[in-house]
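Please construct the entire structure, taking both the sequences and the accompanying hints into account.
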Amino acid sequence: MTKISAQPTSPNDAGEMPKSQRFMNILEPLVLLLPSGIWLLLLLVLPTLLIFELSLVPGIRPGDIVNPSGWDNYARIFDPLYIKVIQQSLFFALGTTIICLVLGFPVAYWLAQIAPPRWRNLLLLSFVLPLWTSSLLRTYAWITILRPSGLLNTILSSLGLPILDLLHRSPAVLIGMSYSLLPYMVLILYASLEKLDVQLLEAGSDLGANPAQVFWLVTVPQTFTGIAAGSLLVFISGLGDFVNPELLGGASSMTVARLVYNQFLGSTQNWGFGSALSMVLILVVSVAIALLIKFGDAVPKR
Amino acid sequence: MQSAVALSSIGLSSCGWKLADVRAQVNTSGPRDELHIYTWTQYTDEELLKTFTTQTGIKVIADVYESNDVMLAKLQASGGGIYSVIYPSDYMVKKMVELDLLAELNQERLNTLDNLLPRFKDPIYDKRNRYSMPFSWGTTGLLYNSEKLTNIPEDWDYLWQNQEILSKKITLLNDVREVMGAVLRLLGFSYNSRNEEQIAQAYEKLKTLKPAVAAFDTDAWRNQILAGDLLLAMCYSADGIKINKENPKLKFITPRSGSSLWTDTMVIPKTAPNPDAAYAWMNFMLQPEIAAGMCKRLSFSTPNRAAIELLPQSIKQNPNLFPPESLLEKCERITPLGKVEEIYDRYWTQLTSS
Numbered sequence: 001m002t003k004i005s006a007q008p009t010s011p012n013d014a015g016e017m018p019k020s021q022r023f024m025n026i027l028e029p030l031v032l033l034l035p036s037g038i039w040l041l042l043l044l045v046l047p048t049l050l051i052f053e054l055s056l057v058p059g060i061r062p063g064d065i066v067n068p069s070g071w072d073n074y075a076r077i078f079d080p081l082y083i084k085v086i087q088q089s090l091f092f093a094l095g096t097t098i099i100c101l102v103l104g105f106p107v108a109y110w111l112a113q114i115a116p117p118r119w120r121n122l123l124l125l126s127f128v129l130p131l132w133t134s135s136l137l138r139t140y141a142w143i144t145i146l147r148p149s150g151l152l153n154t155i156l157s158s159l160g161l162p163i164l165d166l167l168h169r170s171p172a173v174l175i176g177m178s179y180s181l182l183p184y185m186v187l188i189l190y191a192s193l194e195k196l197d198v199q200l201l202e203a204g205s206d207l208g209a210n211p212a213q214v215f216w217l218v219t220v221p222q223t224f225t226g227i228a229a230g231s232l233l234v235f236i237s238g239l240g241d242f243v244n245p246e247l248l249g250g251a252s253s254m255t256v257a258r259l260v261y262n263q264f265l266g267s268t269q270n271w272g273f274g275s276a277l278s279m280v281l282i283l284v285v286s287v288a289i290a291l292l293i294k295f296g297d298a299v300p301k302r
Numbered sequence: 001m002q003s004a005v006a007l008s009s010i011g012l013s014s015c016g017w018k019l020a021d022v023r024a025q026v027n028t029s030g031p032r033d034e035l036h037i038y039t040w041t042q043y044t045d046e047e048l049l050k051t052f053t054t055q056t057g058i059k060v061i062a063d064v065y066e067s068n069d070v071m072l073a074k075l076q077a078s079g080g081g082i083y084s085v086i087y088p089s090d091y092m093v094k095k096m097v098e099l100d101l102l103a104e105l106n107q108e109r110l111n112t113l114d115n116l117l118p119r120f121k122d123p124i125y126d127k128r129n130r131y132s133m134p135f136s137w138g139t140t141g142l143l144y145n146s147e148k149l150t151n152i153p154e155d156w157d158y159l160w161q162n163q164e165i166l167s168k169k170i171t172l173l174n175d176v177r178e179v180m181g182a183v184l185r186l187l188g189f190s191y192n193s194r195n196e197e198q199i200a201q202a203y204e205k206l207k208t209l210k211p212a213v214a215a216f217d218t219d220a221w222r223n224q225i226l227a228g229d230l231l232l233a234m235c236y237s238a239d240g241i242k243i244n245k246e247n248p249k250l251k252f253i254t255p256r257s258g259s260s261l262w263t264d265t266m267v268i269p270k271t272a273p274n275p276d277a278a279y280a281w282m283n284f285m286l287q288p289e290i291a292a293g294m295c296k297r298l299s300f301s302t303p304n305r306a307a308i309e310l311l312p313q314s315i316k317q318n319p320n321l322f323p324p325e326s327l328l329e330k331c332e333r334i335t336p337l338g339k340v341e342e343i344y345d346r347y348w349t350q351l352t353s354s
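Residue numbers (our numbering), protein chains in the order written: chain C, 1 to 302; chain G, 1 to 354.
These aren't lab readings, by the way, just hints derived from the structure by calculation.
Among the hints, a few may not be true.
[Unchecked claim] Pairs of lysine-lysine, DSBU-like flavour, derived with a Cα cap of 30 Å:
hint	chain 1	residue 1	chain 2	residue 2
1	G	330	G	207
2	G	316	G	330
3	G	339	C	84
4	G	245	G	296
5	C	84	G	205
6	G	330	G	242
7	C	84	C	195
8	G	251	G	210
9	G	121	G	296
10	C	84	G	207
11	G	330	C	84
12	G	245	G	148
[As the list claims (entries may be wrong)] If you want the footprint, here are the derived chain G segments under chain C, 3+ residues with CB under 8 Å:
hint	stretch
13	167 to 177
14	202 to 216
15	224 to 231
16	344 to 353
[What the hints assert, rightly or not] Reference excerpt, derived from the structure (chain C facing chain G, CB under 8 Å, subset only):
hint	residue
17	62
18	251
19	265
Just so you know, even glycine gets a beta-carbon here, dropped at the ideal spot from N, CA and C.
The structure is reproduced here in structure tokens:
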């Protein structure tokens, strides 16, 4: 009986692997995983535990002794005021996801299927290029565009149209966030649409489906994993976004990220409550990541 | 280093450690010819640093911040840091003294604090200037666009009376005590009210103004008002006068019913690596020519009497830089209020989160 062994050496007659081989089996993955494992442990796991510990101390201020004693900080989150802030964060994240999906899908489709293959890489690169500049600078650029005396209104007024007062309101935040996260959506959708089997589309239309039906019944299910992955990624990033609501939102649009910022760097100095809010954000993001792992798998359904 | 110790101790005891502990070690191991200062964005310029280095041979590295709270949080999170001179405002000095962060100033090493104006010799936030040295002072007021606004603001209630015109074109300071204090003053109460009912009243009044406020901002309003996007900004007198120099159509007024009198000071933290250079810096700043020069270039009021003598008449008589006594009588200093501050914070969070 021939066995195709994946190991460099095969077991000896007694059916046991030599000690050195066993050692190598353990050592090899360990050495490969150790650097990133230590990195994750020190920079992700331990700080999260630290935040969790701080969140269990009601009303802690810098200089106090840390004694985890209660869930008061979490109870405070259920105040209608803070529930509203969480709703606002969810609204921005969901809104951004939908906008990115609606705007990004046609672009990705065009890039993957319709654009000439010679130009594909160049077009993709040009789409990703804004990511190479600082996200903070891009948000400041939006302030310049959306200001009452900014670029957009200058163009509108020169065309005789009424000016739009967008800055320091929710639309500006949505615009800024969508702009920042659109390249990610396009990239992920592109990866999924590239693998779309054109023959399936042809088969669909051969069997009598019109283009709209072909889209909804063939294209979307085939690219479902890409859509799920892109949407969840944008949702997660949008949920934790601080720069766009802070700079473009002004006095309106308080989100959880801004609230956490105020707790730590504002005059309140309520690090306990800020930690509790952070833990809630981490929880929601974890749920989203779990969904991502489940539905964003790379193998398309047949 | 601090955080590594904290993290490892979690595994062992997991409770009973001090959060953001700033330990005051006697740390004179810093390089002798280097001075790190932590100051406000508008208080240094290249000329000042170069003059100091030519005079004393000590290199100065200035880091800047925009709000007292951010400065305090960063100081506590980094366990004191590398700074030998910090520029907190008056109420923050008291807070830092209570947190045991500041070293007492050795008066003999400082050249004549007698030059100070009487109001600053024994201030309420720091008796006899034991920990801090006043550096600049001013009031808080309104900077408005005189071109676009036909009626001129004279007092805080201008904001409420003209809410429709000003809709989304005003910014207020991102400072709970300044904004709530101004409204308390408008309602006839003290900036430092301890009465929850009064604070609640101020909150209700601010809530009616909130829809017209574009942002709570201590700095970014500058470009916006210069570009014409804002009609009115609440700001500190030093900032207002500076913008007025750039664009004379933007005028600054201190409200009639009084406002807050702020003082920015220089302090030496207990964790300062180079206290000698810190004293050299302070003495440098106390020189009348230097203080007068800074006043001219950066437009803030100095409490140094000898420096005021050296200023040109136009600056000495500027009513925004040196308001008349009658107005100063109505201005209050913001003082820390201990537990009562939580009440202010609660209403402030409600206001900014809605």
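Comparing the hints with the structure gives:
Taking the CA atoms of residue 330 of chain G and residue 207 of chain G, the gap is about 25 Å. The hint holds against a cut of 30 Å. Simply put, residue 316 of chain G and residue 330 of chain G have alpha-carbon atoms about 21 Å apart, close enough for the 30 Å limit, and the pair holds. Of the pairs offered as hints, the one joining residue 339 of chain G and residue 84 of chain C holds, with about 27 Å between alpha carbons and a cut-off of 30 Å not exceeded. Proposed proximity of residue 245 of chain G and residue 296 of chain G is supported: the alpha carbons are some 11 Å apart, at most 30 Å.
Among the hinted pairs, residue 84 of chain C with residue 205 of chain G is consistent with the structure: their alpha-carbon atoms are about 22 Å apart, no more than 30 Å. Of the supplied pair hints, the one linking residue 330 of chain G and residue 242 of chain G holds, its CA atoms being roughly 24 Å apart against a limit of 30 Å. Simply put, residue 84 of chain C and residue 195 of chain C have alpha-carbon atoms about 42 Å apart, too far for the 30 Å limit, and the pair is violated. A distance of roughly 23 Å separates the Cα atoms of residue 251 of chain G and residue 210 of chain G; the hinted pair therefore holds under the 30 Å criterion.
Taking the CA atoms of residue 121 of chain G and residue 296 of chain G, the gap is near 23 Å; set against the 30 Å cutoff, the hint holds. For a cut-off of 30 Å, the pair hint linking residue 84 of chain C to residue 207 of chain G stands: about 17 Å separates their Cα positions. Straight-line distance between C-alpha atoms of residue 330 of chain G and residue 84 of chain C comes to about 40 Å, which puts the hinted pair past the 30 Å bound. Restraint check for residue 245 of chain G and residue 148 of chain G: the C-alpha separation of about 18 Å stays at or below 30 Å, so the hint holds.
Counting residues of the stretch 167 to 177 of chain G whose C-beta sits closer than 8 Å to any C-beta of chain C gives 5, which meets the bar of three, so the coverage hint holds. With a threshold of 8 Å between beta carbons, the proposed coverage of the stretch 202 to 216 of chain G by chain C holds, since 5 of its residues qualify and at least three are required. Only when three residues or more bring their CB closer than 8 Å to a CB of chain C does the claim for the stretch 224 to 231 of chain G stand; here the count is 4, and the claim holds. Requiring three or more residues with a Cβ within less than 8 Å of a Cβ of chain C, the coverage given for the stretch 344 to 353 of chain G holds, as 6 such residues are present.
Given the 8 Å rule on beta carbons, the hint for residue 62 of chain C holds: about 4 Å separates it from the nearest Cβ of chain G. Annotation: interface hint on residue 251 of chain C holds; nearest CB of chain G at approximately 5 Å, less than 8 Å. For residue 265 of chain C, the shortest C-beta to C-beta distance to chain G is roughly 5 Å, which falls under 8 Å, so the interface hint holds.
Taken one by one, the earlier hints fail for this structure at numbers 7 and 11, listed in ascending order.
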